[in-house]
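Turn these sequences into a full structure, and let the hints guide you.
Position one of the sequence shown corresponds to residue 985 (the numbering used here), numbered consecutively onward.
Just to be clear, a hint being listed does not mean it is correct.
[Said to hold, decoys possible] Straight-line distance between alpha carbons at most 30 Å, and here's what the computed BS3-like set of lysine-lysine pairs gives:
#1 K1056 / K1117
#2 K1346 / K1322
#3 K1056 / K1113
[Unchecked claim] What follows is a set of in silico ranges between Cβ atoms, one per label pair, in the way DEER data are often shown:
#4 D997 / H1246: 19 to 25 Å
#5 Q1397 / L1313: 24 to 30 Å
#6 K1377 / Q1003: 49 to 55 Å
#7 C1220 / P1017: 32 to 38 Å
#8 P1194 / Q1003: 17 to 23 Å
None of these hints come from the bench; they were simulated from the model. Source: prediction; values computed, not measured. Where is the CB? At the ideal position from N, CA and C, for every residue including glycine.
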Amino acid sequence: MNNGQKLEHFQTDLLKRVQEAANEQRCVIPYTPLQRNAFLSERYEANIYLKREDLTTVRSYKIRGAFNFFRKALEAGEGGSGFVCASAGNHAQGFAYACQHFGVKGVIFMPVTTPQQKIQKTQVFGGSKVEIKIVGDFFDHCYQAANAYAQDTSALMVPPFDHPDIIEGQATVGLEIFEQIDRPIDLLVLPVGGGGLAAGVTQIVQELSPQTQILYVQPSGAPSFKESLINQERVCLDRVNNFVDGAAVGQMGALNYELLKHVDPENVMLIPEDRLCETMIEMLNIEGIVLEPAGALEIDALRWLLADRLKDQTVVCVASGGNFDFERLPEVKERALKAAGLKKYYLIRLPQRPGALRELLKLLGPDDDIARFEYMKKSARNFGSILMGVETKDAKNFDVLHEKWEQLGYGFQDITDDEVLASFIV
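What follows is the structure, encoded as structure tokens:
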């Protein structure tokens, strides 16, 4: 079946099939809350609702697609040789939960770089029904190994997003939203990685509320959807920033692209990874909501929309997941400070004479704090080099500090945004 035939088949009786999927999954996936968020609503003078997919059993919407795929495969008599998938996160956990629920064997291939916490959670969800194989440093290696295993054993491959049954399961998020809300939705904000959630929910919106506008959001380091729309064909990115691991996809699904290729590229917003961290920290500190990077994309997008697009509007953001490894919290805080302009790193050229270092440090203001300091003294030279990280309470303090350094003739270089140097520092 080619993509055109798949598309036509998927769109036939869509609403009926998604309703059936929702009814069947209700035994393991209760309605996730659709909550009006007072903090965000007051900030934007709007009615901001969060669809809390971070509160599913596996803390992401991925269980919906996995459950639907298993249900339909078993009804069709497939999967007799077991199931297999490749994933470093949410899809693996949804897959494992489905194996346990349906009592079938599954094998999960995960990259060597997967945090131990995610491996353990996946094992807990799957119990004795799943076997986890740790293979390869990158997801592509892991995916190739899973495909090879499927061919060798006839196990049924469960894709993370590019399959009609996966999309159908994810579409139940949209169906629930319209069942739960008591007013028309002006704007719906959706994350896009591989495109399963976005493709499914978009079809529901077109059926039930065509007047609702949809804003799609992606991380800046993985803009596969936006690039595909601009080029009018599915693009495979040469390089992907994996920080937003739930949406860091080099190429979106083929069927997903067919279902979304009508979207105007202007309706896809790219979110810088560092800036996203500000929203993660804010939602944790103010609202007590733990979001993974992909789950915060939609909320962060609100900060960069024109005020008149939000004022007095009803907006729904799908908080897609909350599988956040707290070992990453120091990195998230670091990125948030950099994005807010409250932390910078410098290379400073310092005269090698008595008292020079003391003079340099005295230039710091009362709200400036040294976060990192390394002095690399050079023998038989007039100048040495300093690596210095500075945190402050007001970004304007850096302008004052720069002016002082310039007046005294200190040579300095701001390396905060140099990705190569930052990879060694942070």
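Within 32 to 38 Å: is that where the Cβ-Cβ distance between C1220 and P1017 falls?
At 37 Å between Cβs, range holds.
Restraint status (C-alpha distance of K1346 to K1322 at most 30 Å):
23 Å, holds
Given the hinted pair K1056 and K1117, is their alpha-carbon gap at most 30 Å?
This hinted pair holds, its Cα atoms lying about 26 Å apart.
Could you tell me whether the CB distance from Q1397 to L1313 stays inside 24 to 30 Å?
Holds, since Q1397 and L1313 (Cβ atoms, about 29 Å apart) stay within the stated range.
Can you tell me whether the CB distance of D997 to H1246 sits inside 19 to 25 Å?
21 Å, holds
In this structure, is the beta-carbon distance linking P1194 and Q1003 contained in 17 to 23 Å?
18 Å, holds
Given the hint that K1056 pairs with K1113, test it: the Cα-Cα distance must not exceed 30 Å.
Cα-Cα ~19 Å, so holds.
Supplied distance hint 49 to 55 Å, evaluated on CB atoms of K1377 and Q1003
53 Å, holds
When held up to the earlier numbered hints, the structure conflicts with none and fits them all.
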